[in-house]
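Protein chains: 2
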Amino acid sequence: MAKEITPRAENYSQWYNDIVVKADLAEQSAVRGCMVIKPYGYAIWEKMQSVLDKAFKETGVQNAYFPLFIPKSFFSKEAEHVAGFAKECAVVTHHRLMNNPDGKGVVVDPEARLEEELIVRPTSETIIWSVYKNWIKSWRDLPILCNQWCNVVRWEMRTRPFLRTAEFLWQEGHTAHASAEEAQAKAEQMVGVYAKFARETMALPVIVGHKSPNERFAGALDTLTIEAMMQDGKALQAGTSHFLGQNFAKSFDVQYADKDGSLQYVWATSWGVSTRLMGALIMAHSDDNGLVLPPALAPIQVVMVPIYKTDEERDAVLGKFAEIKTALEGRGIRVRIDDRDTLRPGFKFAEWEMKGVPVRLAMGSRDLEAGSVEVARRDTLTKETLSLEGIDAHIQALLEEVQKGIYDKALAFRDANIRKCDDWNEFQTEIQKGGFLLCHWDGTPETEQAIKDATKATIRCIPVDSCVCEEKGRDIFSGKPSKCRVVYAIAY
Amino acid sequence: MAKEITPRAENYSQWYNDIVVKADLAEQSAVRGCMVIKPYGYAIWEKMQSVLDKAFKETGVQNAYFPLFIPKSFFSKEAEHVAGFAKECAVVTHHRLMNNPDGKGVVVDPEARLEEELIVRPTSETIIWSVYKNWIKSWRDLPILCNQWCNVVRWEMRTRPFLRTAEFLWQEGHTAHASAEEAQAKAEQMVGVYAKFARETMALPVIVGHKSPNERFAGALDTLTIEAMMQDGKALQAGTSHFLGQNFAKSFDVQYADKDGSLQYVWATSWGVSTRLMGALIMAHSDDNGLVLPPALAPIQVVMVPIYKTDEERDAVLGKFAEIKTALEGRGIRVRIDDRDTLRPGFKFAEWEMKGVPVRLAMGSRDLEAGSVEVARRDTLTKETLSLEGIDAHIQALLEEVQKGIYDKALAFRDANIRKCDDWNEFQTEIQKGGFLLCHWDGTPETEQAIKDATKATIRCIPVDSCVCEEKGRDIFSGKPSKCRVVYAIAY
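Taken in sequence, the protein lines are chains A and B. So the first sequence is residues 0 to 491, counted in numbering that gives the first Met the number 0. So the second sequence is residues 0 to 491, counted in numbering that gives the first Met the number 0.
The following block holds chain A by itself, in its conformation from the complex:
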């Protein structure tokens, strides 16, 4: 375990890759761009899923499942969507292998060509709206509020574990409504669910805002986003919620009979978060010693490491640990006693530090005699010796403190790296230092594109909630009038 990871200051990108591998989260597979999510990484994803799934259901959403494959012709139906999505994707052309007539192994059977190629879903709007057409006849059938947890594939050229992979896991919600207002409200509600999840569960301060037209989802009238700042000052889009208008309803001819009997096209939203959140989690909180996990997402919240020389000492300490474990589990805390006999305490400390376990208890026979235990916090790397009396209540409070501490640290970092900028020359230098720049924008795609071409920076969002932004001014690039500031950053 004691292998070190590359420090952030030396090579941020390598630091990230090192943590993914050394904290046992994921690894590359034999298939280009497809990762294996290892049990420890997957356990974190399961925690995310469980919190989000509950939050979705509280808003009336139900889960369902739609096909993995989408007929090629569906991609041609929604003009903007095809431009945005139907390019780099996995195409199924055949349905059979056969023994190689020329020798060993198997080959594709040329006789088994599909009449129409199938695309492995990069997102499911088209297939789902082809299904909704059968479900929706009248206003009584609305709203439809479905979500699915599934895998999707986008044939990315450059991939990085969690952040950008050819196959990834996500949830995609797809709702159908009788009115534009109701659909817009749903899109806003769901970005709100994401923001709350990011802040309270992931300890990730996020800015909620609208995407500029250039950055919208293909086929959306409005895209809402949560944007987080990573420790290198880059932005990471952590979740999006789209108001799709009637585009998909029109493409798939989905109409409902209104109360007065007239036919109306249905209004749509879609919204999703993915295993990319794992990347955000790692890059927002971890340090040069490894992963740092907010307690709300830690598969193991408290690890206990016994220190002993003799079997008697071992038994005594493990006996006390078992008592503490029972008390902590009674409080709903996830605990592991590391009683592995073949490893030294120092090795175990390093391993659990690497894996980001929020609180570590260590106890030797002298501690036991003194009725105390050493308590170490992963986030601050601080230690204190505490009395065993009331230790379970203390640890419960400590976990809450750690959760809050991680959030506060990320918030302080973000706030220290957001600044207003009103000068184009300054912008070009400042943006390369990382962080978010709050600048005036004239609202045109041309300006945004020109700035992107010059600096790689994009408008991450037009904030809706944290507004120092509503203020008149002049566009930083064009000098034209502007009604508010937007967030510029270089993004993952």
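It cannot be assumed that every hint is accurate.
Below, a sample of chain A positions facing chain B; criterion: calculated Cβ distance under 10 Å [what the hints assert, rightly or not]: (1) E26; (2) A29; (3) Y64; (4) C88; (5) H93; (6) V130; (7) Q147; (8) V334.
The set of hints was computed from the structure by calculation and includes no laboratory data. C-beta atoms are modelled at their ideal positions from N, C-alpha and C, and glycine is treated no differently.
Dock chain B against the given chain A, drawing on the hints supplied.
This is chain B only, laid out in the frame that chain A set:
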């Protein structure tokens, strides 16, 4: 709703399809053989997942995620496996679409051909063992106990919702062990988990047994199965657990250093259940009025239908329902008050009957005055009028009674349709009537094949637990000596 379903006696297969559609469980999609699992059907699958996932984790299994795609060459590595699996499957050959140069729509970009074709996983032994090679160096790394919940694709020619679909959802467990004994024990443990789940949660009496060599999983040394009897007397294989020996370890060169330093090939198991369980659930318990759900899997366990003429009556009854709902939810019971205003009670009764809700309460203002409520059981279609006093405790007990009643009914049906048969002429007539025949078998694949060719019946299993079977005799077909009886049936 009041549309009727085809009676079982008239057309069993159509009855099944009618229930799938009319109970809102699933429907066909635009993609051949791929179904849409609708919210009500998916909610049942989620209940199954949640019970199974907990049971797996209690045995030490962890979830993980492996790639959707498998390089074609991997299928050639395990000779038996390729014969069993590498035939009808979805083959990805290209990674890009492009605008059609000749006109509208999109076409496959011929420049974007993959160097090696990728197969959409029909099962994941090969990709997982290619990964386990990196995880296993020493005996300390063993056992590895992983499971994944995912989708798989097998290009079936004839499909039926849930029972046989091109894409289906399942879990696949893959474990790696240092010894054959440990791996065999794990395979047995997991078939035990399945049997307990089938009996206690699905109310499905199953026979646990070994598959005959002809019916084994491709690449397994032993396949354990749970076999259930459907109401038409056919058998349905509801879950399997395989002892894979060292076949995959040898194909992917996965060895571990033993305590004495010598290199040993690793021993493997795999085990899975799928959305096919939904088909088993429907066909085992439902009747000519629709779905019948065991309470343990019912998304709604108790539905309450108010009966009223005036608004005052409505408010009074709904007020009482709300009280009862709170009391029931306090006991962990899933409840829905059907307060839809546009539908008559009779329509609602039929709808919830169709959807298999185990217990229905109906109340009008006269009931309310009398302090009573009408309680209807879905499984027996019986009704009784009960005092409101202690109604929550009564319903909790009733749900347990319903769960047991559904199991007992299925068990009685199965036992009435299992019989010994010792005469080949009798066998040929009897097997066509449905049910399981317990017959002597000489242990040869030739006999099994001859019987299958003559009657379509196969050996469903060589039972391990319910044994009237250990008894010497003579093979029903060949007349050769036999040590025990096996279960013959025609299967789904």
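Hints versus structure:
1. Interface hint at E26(A): satisfied, since its Cβ lies 7 Å from the closest Cβ of chain B, which is below the 10 Å cut-off.
2. Taking 10 Å as the C-beta cut-off, the interface hint given for A29(A) holds, the closest approach to chain B being about 5 Å.
3. Interface hint status for Y64(A): upheld, as the beta-carbon distance to the closest one in chain B is roughly 4 Å, under 10 Å.
4. This hint holds: C88(A) has a C-beta 7 Å from the nearest C-beta of chain B, less than the 10 Å allowed.
5. With its C-beta approaching chain B no nearer than about 4 Å, H93(A) sits inside the 10 Å limit, and its interface hint holds.
6. With a cut of 10 Å, the hint placing V130(A) at the interface with chain B holds, because the nearest CB-to-CB distance is about 5 Å.
7. The interface hint given for Q147(A) is met, as the beta carbon of that residue sits about 8 Å from the closest beta carbon of chain B, less than 10 Å.
8. For V334(A), the interface hint is violated, since its Cβ never comes within 10 Å of a Cβ in chain B; the closest pair sits about 15 Å apart.
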